[in-house]
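Going down the list, the sequences are from chains V and A. Residue numbering for the first sequence follows this note's numbering, starting at 1 and increasing by one per position. Residue numbering for the second sequence follows this note's numbering, starting at 1 and increasing by one per position.
Hints should not be assumed to be uniformly reliable.
Claimed, not checked - Computed Cβ-Cβ distance ranges for the label pairs, DEER-style:
(1) V:Gln-55 with A:Val-157: 45 to 51 Å
(2) V:Glu-47 with A:Lys-319: 40 to 46 Å
(3) A:Asp-135 with V:Pro-46: 22 to 28 Å
(4) A:Pro-96 with V:Pro-61: 54 to 60 Å
(5) V:Gln-55 with A:Pro-229: 38 to 44 Å
Think of the hints as simulated: they come from the structure by calculation, not from any bench. Idealized CB from N, CA, C, for every residue including glycine.
Residues per chain are reported as follows:
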Amino acid sequence: MFRYIASRVLLLIPTFIGISFVAFIFIRLLPGDPVIALAGERGMTPERHQLLMDQFGFNRPIWEQYFSFLWGIFHGDFGTSIASKRPVLADFRALFPATLELSICAMLFAVIIGIPAGIFAAVKRGSIFDQLSMGIALVGYSMPIFWWGILLIILFAGILHWTPVSGRMDLIYFFKPTTGFMLIDSLISGGKGAFKSAVSHLILPTIVLGTIPLAVIARQTRSAMLEVLGEDYVRTARAKGLEPKRVIGVHALRNAMIPVITTIGLQMGLLMAGAILTETIFSWPGIGKWMIDAISRRDYVVVQGGLMLVALIVMVVNLIVDLLYAVINPRIRVK
Amino acid sequence: MNTYKKLLAATALAMLTGGLMAGGAAAKTLVFCSEAAPGGFDPALYTGGETLDATGQAVFNKLVEFKPGTSEVEPALADSWTISDDGLEYTFKLHPGVKFQTTSYFTPSRELNADDVVFSFERQKEGSPWAKYVDGASYEYFEGMDFPKLIKSVEKVDDLTVKVTLTKPNAPMLANLAMDFSSIVSKEYADKLMADGTPGKLNEQPVGTGPFQFVDYQLNTAIRYEANPDYYKGKVKLDSLIFAVTPDAAVRVQKLKAGECQLTIYPDPADVEGLKADTNLNVIQEEGLNVSTLAYNTTQAPFDKPEVRKALNQAIDKKAIVDAVYLGQGTPAINPIPPTMWSYNKSIKDDEYNPEAAKAALEKAGVKDLSMKIWAMPVARPYMPNGRRTAELIQSDFAKVGVKAEIVTFDWQEYLKQASDPKHDGAVIIGWTGDNGDPDNFLATLLSCQAVNTSNRAAWCNQEFTDLINKAAVVSDPAERTKLYEEAQVVFKREAPWATLAHSLVTTAMTKNVSGYVPSPLGVHNFASVDVAE
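Bound conformation, chain V alone (with noise of 0.2 Å):
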C-alpha cells in the first residue's frame, strides 16, 4: 500500500511540470497581447506598447518569463492581474470556494439521482422506467447548459418565483465571508433567513451545473451494473440463494462502482467547463467566469496562475481517487 501511495505521489512532480509549461504557453499561443487590452477601442501607440510590454516583462525571453512564473510558484507568488492589478492566488482564494460550494452541489445532485436512477434502470432493464430515466439522462446531456440556465430562471424566479434570478445571496444579508462557503458562512452569521437565502440561490445553479454529470453517472451506473449482473460470482451468489438486494448491494453494486468512481472522479474535473456558462448566468463569483474573462483579455499572468492553481486541485483529487480505487479493489494495492 505505501509503495502504491509514494509510486501516486512521485507521478505528481512530473505531472506539475508538465502542466506548468502548458500553462504558462497556452494563452501564448493565442493571438494578441494583455497590453492592447488596457487601451480598448482606444488603441495605443506602437512606442507606448513597447514600452508596457517591457515594464510587465513579455519582451523577456520565453524561458526567462516561464523560469520567473516556476520561481513565483515556488515561493507562493502566482502574479498581478495585469487587468485588476490584484494577485492572483488572492482573487482564487476568493473566488474559488464559490465554484468548489457549487461543484459538490452540483455533484451531490447527480450522485444522489444518478446513481440509483441506473442501479434501478439496469435492475428493471427494458422496463418503461429504464427507457423514461435513460431517455431523459440523453436529453440531459444534450442540454445546452446556457438555454436550459436561462429556461429555468424564467420559469422558477420569473413566473413561479419559486427561486432568486441570480447571485449567491440576497443583497439584504451582509457578512465578511468566514470561510467562503456561503452555506456555512451563512450559519455562522447567525443571520436568520441568511442560510435559507444560501439555499434557495443554490438551487438553480446546481440543477443546471449537476444535469450533464447525472446524465453521465446515471447510463454509466446502468452499464455498469448490467455488465456485473452478467457476471458468473453474481449468478453464483444468487444460485446460493442470496436475496436480491444483497446480491445487487454488496455483490454487484461495489464492483461496478470503480468505473462510476472514475467518471465522477471526470466529471468534476469537467465540471470546470461547465461552471464558466453556469457562473455567467447565475453571477455566480467563482473562477469559471474569472478564468474566461481573463483569457478573453489575455491577462497572461492570471490564465497562467489560475491553470496553475485548478491543476494543483485537480491533481489532487485524482490522488485522492486513486487512493479511493486502492481501498475499495484489493488488487489494485496489490499490483
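Please arrange chain A on chain V, whose structure you already have, making use of the hints.
Showing chain A alone in chain V's frame:
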C-alpha cells in the same frame, strides 16, 4: 467627531467585521444591476465604464463635471475658473469647506485643498512614486488624452487656488478635466497609506468627496456604498447604494422584473419591447453619444480612392441595418459625430442608398470584380449590438453591386490590434462612445493623422481635415470652433473614409418606485439624484 458620525463609523465597522445588516434598517436602498465587476477603485487606472461608474461617479468628484444628462461642463469642486488670454493657464478657485469621506478605514483631519488637486494629477506622471503603486499600474486615460505632453504643471497658488499650465492651448481641456480619471483623491489618505507601506489600498478602499462612500466590495459579486453624510452638495436621498454584478443581459432583465434590483442598463435590444410593456417598470431611452462605422483602409487600393468609398457607401442600406441589428433602437448616421453633439453639421446630406448608382460609380472608377474583406467585431457594444449580423447585411448589399465581400473576425483584442495596423486588409466595423462630449474626442481621436496607428482604423490622413481639427483644438471661441468642426465634417463627407452606420439609443430600465435618474449621454451611470419611494 459628532455622535452621528461616531454612529456611522461604528455601523460601517460592524458591517466590515462580520456584523449583519438587515436591508430594512437602511431606509432607502437602490440596487443597481451592473454589467460587469469593477477592475478596482482608483478611477485613474482603468478605462472600462463599469469601473468609472463604481469610482469616479459614485465616490469621487472632479474640479468640473458634466451637467447631469448633458456633456456641458459645470462647476464642481472648483467654483469658478479663469483662462489666460493665451489659453495656457487655467486658474481654478476651489469650493471651500469640502470634506473627504469619513470611513471605517480613514478619518480625514482636514478639508479638501489645493494639495489634493496637485497630487491627483502629479501622481499619474511617469516617475512619480505613485506611477507604479500597484503591480501593473498604468494611467491609460492620462496617456490617451495626451496629458503628459499637454500639462506643463499643476501648481498650488494658495489653499483654495490651483493653476494648471499647458504646453499649448487646448480647447477640450475643461471637458477632459471633467472625466473620471481627473477625479480628486485625498492626498492625506494617500500619504498615510504610503507611510503605512500599503499604497495598494488606494485601489481597494477609496476615499473621495463624492455622493457615496465605499463600504465593501465582494469580489465579482456586489459593491456596497452608503450616502456620504458630509457631501458638499448635501446628503443624497438614498441611504445606501448596491451594485449587483450581473454580467448576463437576459438575467439582468429577469432580476429587474423579480425586484432583485431596481435599475439596470444595456438590455438586449430584443428585450426592450417586453420591458416597455411591463407596467411595473419605466424605460428611458435616449440617444447615446456614439457612432458605429465601417472604416475602409484608405491606404489600400481601391479604397484609397474617395470615389470608390463613396460608391460603396451608396450601396449600404443603413435603414435595414438599424431595423435588423438595432431593432429600430437607433438612427442611421450621416456624420462621424452624433446629432446631439454641438457642432454637428445639419446641412450635410447623406449618400443616398442607391445600388444602381453605386454600381455605375464603381464602373466609372474602373473597379471591376472587386473582392474585399469586411471585419465583423466579435463583441457587442452599446454602439454595435451585433457585428456579425451587420457584416452579413453589408455583404449582401455589396453583392448587389457586384462586390464580393468575405467576412472575417478575430478575437476582440486581436481585432483591435490588427485593425490599428495601417496594413490591415479591407474594411473594419468599429465604433466609439464619447468620453467627454467634445467633438475633438471623436474627430481627432478617430480620424486625424496623429491617430493613424492607434484609433484611426481607416488609416486616413487628410491634411486639410487634420489642420481644421488641430486648429479647432487650440482656439477658445466656441463659435469659431463650431465653424471649424462643421467644415471638417464637410471634408469628411466628401472624402468618405468611413461608411457611417448608426447612432444607437441607450436604454435604462427601472422599477416604478425609482425617480430622479438622469441618464448620461457619455455612457456613465450616476445615482446622486436618485430617490426610491418606499
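The hints, checked one at a time:
Our hint of 45 to 51 Å for Gln-55 (chain V) and Val-157 (chain A) is violated, since their Cβ atoms are close to 35 Å apart. For Glu-47 (chain V) and Lys-319 (chain A), the hinted distance range of 40 to 46 Å is satisfied, since their beta carbons lie about 42 Å from each other. With their beta carbons about 24 Å apart, Asp-135 (chain A) and Pro-46 (chain V) fall inside the hinted range of 22 to 28 Å. Range check, Pro-96 (chain A) to Pro-61 (chain V): about 57 Å between beta-carbon atoms, so the 54 to 60 Å window is met.
Take Gln-55 (chain V) and Pro-229 (chain A): their Cβ atoms lie about 41 Å apart, and the range 38 to 44 Å holds.
Violated hints amount to a single one, hint 1; each of the other numbered hints is respected by the structure.
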